[in-house]
Amino acid sequence: MAEGLRVVRGPDWNLGNEDRGEGHVGTVVKDNGDQTYDVYWDMGGKSTCRVGKGGKFDLRILDNAPVGVKHLSQRCEGCQKNTIIGVLWRCASCNDANLCTPCYYLDKHDLSHPFQRIDKPHGSSVPVPKRSNSVKMKALGIFPGAKVVRGPNWDFGTQDGGSGKKGKVEDLRGFGSDVGGRNAVRVRWETSGEANVYRVGCRGKVDLQCVEEAPGGSYYREHLPVVGTINKIQLLAMNAKNVFSS
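Residue 161 in numbering that gives the first Met the number 0 sits at position 162 of the sequence shown; the count goes up by one each step and never skips.
These aren't lab readings, by the way, just hints derived from the structure by calculation.
It is possible that some hints are incorrect.
Stated by the list, open to error - With a Cα cut of at most 25 angstroms, we get these calculated BS3-like pairs of lysine-lysine:
#1 K55 - K135
#2 K137 - K119
#3 K52 - K29
#4 K167 - K146
#5 K45 - K164
#6 K55 - K29
#7 K167 - K137
#8 K137 - K45
#9 K137 - K107
#10 K107 - K135
#11 K107 - K80
#12 K129 - K119
#13 K146 - K164
#14 K146 - K45
#15 K119 - K107
#16 K55 - K119
#17 K45 - K55
#18 K107 - K69
#19 K69 - K119
#20 K80 - K69
#21 K52 - K119
#22 K129 - K80
#23 K119 - K29
#24 K165 - K146
#25 K29 - K69
#26 K119 - K135
#27 K167 - K45
#28 K107 - K129
#29 K137 - K165
#30 K29 - K45
#31 K119 - K80
#32 K45 - K165
Generate the whole structure from the sequences, applying the supplied hints.
Here is the structure:
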């Protein structure tokens, strides 16, 4: 399922500043069935992005935890949680050294060690460059500290105090017991002082729009999976395997 993926611009991006600039985050809200996805950007606006159409790929996946990806019984060496949600990052130099996405981008473990990216449970591993030699970008959008107003899928009456009223994001979380993780935020509204939880990716819904962005940590651009294509390194590995097995 693509709806709910948190994404940033990819290698073939040609839509100018529809995303408000590199590093700004959006949410896939619709698979159009023609190798394009509709994306709502945290800062507002919607783009139709190519995910293979014409051989072009406009998006990278920043986080697939919102769509329910979960690696059970895999402990993160950084935060010590026993289940890794989203991509699992495995050290290629050490035995049984795994990181969750937040810990990977917080530079836990040895930066000079090569890692492998595992996008889904039982999926194949994709080698990625060493973090010590990689370009690091800042993610920007609906993250703790951001100011927000009601967004495209708002369905909560006047909880916000009315259209255009601002609130401040307090934390990033899962949307209750629903599918996925890191697909909702808690917002405290300026008018009432009350706080509620709203969807940012849960089942492809986006209840908020950002008016003042906040940093959501960093990411290594070239380490992210490209939406709609098999990673070139993975493809080369598959081809090599076929050659040696023939």
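Hint check:
no.	hint	result
1	K55 - K135	holds (23 angstroms)
2	K137 - K119	holds (24 angstroms)
3	K52 - K29	holds (15 angstroms)
4	K167 - K146	holds (5 angstroms)
5	K45 - K164	holds (21 angstroms)
6	K55 - K29	holds (18 angstroms)
7	K167 - K137	holds (20 angstroms)
8	K137 - K45	holds (21 angstroms)
9	K137 - K107	holds (17 angstroms)
10	K107 - K135	holds (14 angstroms)
11	K107 - K80	holds (14 angstroms)
12	K129 - K119	holds (21 angstroms)
13	K146 - K164	holds (10 angstroms)
14	K146 - K45	holds (19 angstroms)
15	K119 - K107	holds (21 angstroms)
16	K55 - K119	holds (23 angstroms)
17	K45 - K55	holds (19 angstroms)
18	K107 - K69	holds (20 angstroms)
19	K69 - K119	holds (7 angstroms)
20	K80 - K69	holds (12 angstroms)
21	K52 - K119	holds (24 angstroms)
22	K129 - K80	holds (24 angstroms)
23	K119 - K29	holds (21 angstroms)
24	K165 - K146	holds (6 angstroms)
25	K29 - K69	holds (22 angstroms)
26	K119 - K135	holds (23 angstroms)
27	K167 - K45	holds (23 angstroms)
28	K107 - K129	holds (13 angstroms)
29	K137 - K165	holds (24 angstroms)
30	K29 - K45	holds (11 angstroms)
31	K119 - K80	holds (17 angstroms)
32	K45 - K165	holds (21 angstroms)
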